[in-house]
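**Student:** Oh and the sequence shown: position 275 is 275 in the UniProt record's numbering, straight run, nothing missing.
The hints are simulated quantities; they were obtained by calculation from the structure and are not laboratory data.
A few of these clues could be false.
Okay, derived cross-link-like pairs now, PhoX-like style, lysine-lysine, Cα gap no bigger than 20 Å in a straight line [what the hints assert, rightly or not]:
hint : residue 1 : residue 2
1    : 135       : 166
2    : 135       : 110
3    : 110       : 142
4    : 354       : 285
5    : 103       : 154
6    : 421       : 410
7    : 371       : 285
8    : 264       : 361
9    : 142       : 130
10   : 285       : 361
11   : 66        : 103
12   : 179       : 135
13   : 371       : 410
14   : 304       : 355
15   : 298       : 371
16   : 320       : 354
17   : 130       : 179
18   : 166       : 142
19   : 110       : 94
20   : 130       : 166
21   : 361       : 320
22   : 371       : 421
23   : 354       : 421
24   : 421       : 298
25   : 264       : 298
26   : 103       : 142
27   : 103       : 130
28   : 142       : 94
29   : 94        : 179
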Amino acid sequence: MVIKLRHSTIYNVPPYFEITQSKSFKSSKSIKEDMMKRLSITIIVSFLYFVADFVAAQPGVLDISKFGGAPNADITVAFTTAWNEACASTTAAKILIPAGTYKMGLLDVKGPCKAPIEVQVDGTIEAPIKNDDLKGAEQWIKFDTIESFTLSGKGVFDGQGADTWKHAPIAWKDTNSSKRAMNIYFHALTNSLVTGVTSKDSKYFQFMVLACRNITFNAVTVIAPDESPNTDGIHIGRSNGVTITNSNIGTGDDCISLGDGSEKVTVENVNCGPGHGISVGSLGKLTTEENVAGLIVKNCTLTKTENGVRIKTWPDEPGKITITDMHFEDITMVDVMNPIIIDQEYCPWNQCSKKNPSLIKISKVTFKNIKGTSGTAEGVTIICSSGVPCEGVELNNVDLTFNGAPAKAKCSHVKPLVIGKAPICGDSASASPLASPASGVTSPSASPTSNPASPSASPASASTSPSASPASASASPSASPA
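Using the sequences and the hints, build the whole thing.
**Tutor:** The structure is reproduced here in structure tokens:
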């Protein structure tokens, strides 16, 4: 059939119609085949564009060797470049530091990032030996303002702190010691995980957690000799929802320490030693401190530590906060010098005044199913503030021995509830040690209104400020002297 076009004009029609003034249509079969071919080509091209866009948005594994990082060399620039690419990715990315030994200088990487990031460390990363090479920074490595961050691997962060320890007085004596760098500082992280890695021989704290929410440490290892000053394993401040599990911590200060503003912290299946134990505080130095609420420590073993589980506050200082809902249960002590301590007259080396009592109120504290051996005759020491005595303290099945005999207890300004086998202590200002009771005896001085504190009790509300300054009491390296 011939198409006659008015005024001999050829109209603009779809390309699969070949129309002229004097030619007929192609057969319908040919038209369909041609259409299918063109449609197939269009689909293929569109798919290739889609794949190209996806690949561009998906960096995959960013091996630092691809960014110039090499063993026995400084990888600070290589890591920073890889981080910037990963942080800009719209899909999850992983940065890999493979097996080998690397150098790294001062590192401060920040979010927010567009998608989750994992840093997998399988090598050993060494800090500068000289603290001065970190330019007075409070940390060697800092991860800041990131959501859904993971630090994983079997690698080691070696702070090489031995040289610094020789020249660094303990923190509370010398404010200049705060210039010693922590190994790794996590600031304002949300829904994050640290798993598998080792922190070794930090110049100061090993891990610092400040202004974080929902962060978990699993199967981490901390290593430092017991004489290393202020090498706290994991120090927590102004953070909510911190979990530490299945970890081994041996260091020269507290294995785990809680500063002000710590809420909903769980410590489970942790081996601690050497070190100064698991501590809340010290607290009370500053008026800017925030309440501490909601700690569960369970299924832990402390071996040859200076202290076991401890709460410590300063006397004659202006801090006036509350410490509540502290629960320690199913804990084994192995030759621990001071297994159970509440000390509201905390004054190391007698360098402070005890003229006025601590202003901090401690309540709802349970010590349950704690057994083992004490390095001193007094396995339980509960010295509360004369101004705001402790309330709701419970000793439930505390079975500690010293040289084969039951350990004793000394207490003041507290009326603990005793359940099962546990040392009895009364509200004695002289804090005289008393012998352990027989099983099932309740302290005659126990307050009739005292109720056992439930480990699942909801902690009192205390705001966690994501913008808290690192200079706050909890962030201050001087927050946790020996």
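**Student:** Evaluate each hint against the coordinates.
**Tutor:** Consistency of the hints with the structure:
Distance check on the hinted pair: residue 135 and residue 166 sit about 19 Å apart at the alpha-carbon level, within 20 Å; holds. For the suggested pair residue 135 and residue 110, the alpha carbons sit about 19 Å apart, so the restraint of at most 20 Å is met. Taken as a hint, the residue 110 and residue 142 pair is honoured in the structure, with Cα atoms around 8 Å apart against an allowance of 20 Å. Between residue 354 and residue 285, the direct Cα distance comes to roughly 13 Å. Compliance with the 20 Å bound is thereby established for this hinted pair.
Distance restraint check for residue 103 and residue 154: the Cα-Cα separation of roughly 17 Å lies within the 20 Å cut-off, and the hinted pair is therefore satisfied. The hinted pair formed by residue 421 and residue 410 meets the criterion: a straight-line CA distance of about 16 Å does not exceed 20 Å. Distance check on the hinted pair: residue 371 and residue 285 sit about 33 Å apart at the alpha-carbon level, beyond 20 Å; violated. Proposed proximity of residue 264 and residue 361 is supported: the alpha carbons are some 18 Å apart, at most 20 Å.
For the hint pairing residue 142 with residue 130, the CA-to-CA distance comes to about 18 Å; that is within 20 Å, so the pair holds. A distance of roughly 14 Å separates the Cα atoms of residue 285 and residue 361; the hinted pair therefore holds under the 20 Å criterion. Under the criterion of a C-alpha separation no larger than 20 Å, the hint pairing residue 66 with residue 103 is consistent with the structure, at around 17 Å. The hinted pair formed by residue 179 and residue 135 meets the criterion: a straight-line CA distance of about 9 Å does not exceed 20 Å.
The suggested pairing of residue 371 with residue 410 holds, with an alpha-carbon distance near 18 Å, which does not exceed 20 Å. At most 20 Å may separate the alpha-carbon atoms for a hinted pair to count; residue 304 and residue 355 exceed this at roughly 33 Å. Between the alpha carbons of residue 298 and residue 371 the distance comes to roughly 12 Å, so the proposed pair stays at or under 20 Å and holds. Distance hint between residue 320 and residue 354 is fulfilled; the C-alpha atoms sit about 16 Å from each other, no more than 20 Å.
Between residue 130 and residue 179 the CA atoms are separated by roughly 12 Å; this keeps the pair inside 20 Å, and the hint holds. Distance check on the hinted pair: residue 166 and residue 142 sit about 25 Å apart at the alpha-carbon level, beyond 20 Å; violated. Taking the CA atoms of residue 110 and residue 94, the gap is near 15 Å; set against the 20 Å cutoff, the hint holds. Of the supplied pair hints, the one linking residue 130 and residue 166 holds, its CA atoms being roughly 11 Å apart against a limit of 20 Å.
Between the alpha carbons of residue 361 and residue 320 the distance comes to roughly 8 Å, so the proposed pair stays at or under 20 Å and holds. At most 20 Å may separate the alpha-carbon atoms for a hinted pair to count; residue 371 and residue 421 meet this at roughly 10 Å. Proximity of residue 354 to residue 421 is assessed by CA-CA distance (about 33 Å); at most 20 Å being required, the pair is judged violated. Restraint check: the Cα-Cα separation between residue 421 and residue 298 comes to about 19 Å, which is no more than 20 Å; the hinted pair holds.
Proximity of residue 264 to residue 298 is assessed by CA-CA distance (about 14 Å); at most 20 Å being required, the pair is judged to hold. Restraint check: the Cα-Cα separation between residue 103 and residue 142 comes to about 16 Å, which is no more than 20 Å; the hinted pair holds. In summary, the hint linking residue 103 to residue 130 is supported, as the alpha carbons are separated by about 13 Å, within the 20 Å threshold. A C-alpha spacing of about 17 Å is found between residue 142 and residue 94, which places the hinted pair at or below 20 Å, so the restraint holds.
Proximity of residue 94 to residue 179 is assessed by CA-CA distance (about 32 Å); at most 20 Å being required, the pair is judged violated.
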